Amino acid sequence: MYPDHPHRVPAQRAVEVHHPTPLPPAIVHPAPVVPVQPGTIPAVASVVLPDGRVVTGYAINHPQPSPVVAKPAVSRAAVNVALGGVGFLAVCGGLLLLTSFIAALTAFITQLITLAAVIFGGWIAVQVLTASGDKGGTTVNIRKATFKRNHFHG
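Everything in the sequence shown is counted per our numbering, starting at 1 for the first residue and increasing by one.
Calculated directly from the structure, the hints in this document are not laboratory data.
Be careful, since some hints might not be right.
Unchecked claim - Derived CB-CB ranges, DEER-like:
| id | residue 1 | residue 2 | range |
| --- | --- | --- | --- |
| 1 | Val74 | Ser46 | 51 to 59 angstroms |
| 2 | Ile124 | Leu97 | 36 to 44 angstroms |
| 3 | Gln127 | Leu97 | 38 to 46 angstroms |
| 4 | Val126 | Phe101 | 50 to 58 angstroms |
| 5 | Arg53 | Ser75 | 52 to 60 angstroms |
What you are looking at is a predicted structure, and each value in this text was computed from that prediction instead of being measured.
C-beta atoms are modelled at their ideal positions from N, C-alpha and C, and glycine is treated no differently.
Full structure from sequences and hints, please.
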């Protein structure tokens, strides 16, 4: 019964049956054969469904995510810069020691030259000052002396 017409009875509908139209067979091209390494062929798995059918196929191995590689706390670039700085400081320290050594060697040579000049100058001064004085030998003061037959009587 229809709610808007209480006395009307619905008519019987005819049942329609639809039959599927078969598809013509498709032209099957053989799939290209891809060479596979012997150890990489997956295993064939069979599954029995509840209604008794058996489904056979290759087991699919789900790709596992690659393990997360722990990054170091300090980047490699920072480590390289730090090592370069340490090397530079070592070289600068070596150059500082080298310049200090050269300065000390120069001062030492200057002192040796000054010492040699003082000693040599002192020796020359002693030679010059003693040359005007007594030259060694006998000093004879002649006063009222008489010479008789080449003999000196003093």
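Tested hints:
1. Checked against the hint of 51 to 59 angstroms, the pair valine 74 and serine 46 passes, with Cβ atoms roughly 54 angstroms apart.
2. Distance hint for isoleucine 124 and leucine 97: a CB-CB separation of about 40 angstroms, consistent with the stated range 36 to 44 angstroms.
3. With their beta carbons about 45 angstroms apart, glutamine 127 and leucine 97 fall inside the hinted range of 38 to 46 angstroms.
4. In this structure the supplied range 50 to 58 angstroms is violated for valine 126 paired with phenylalanine 101, their Cβ-Cβ distance being about 38 angstroms.
5. Checked against the hint of 52 to 60 angstroms, the C-beta distance between arginine 53 and serine 75 comes to roughly 58 angstroms, which is consistent with it.
When held up to the earlier numbered hints, the structure conflicts with hint 4 and nothing else.
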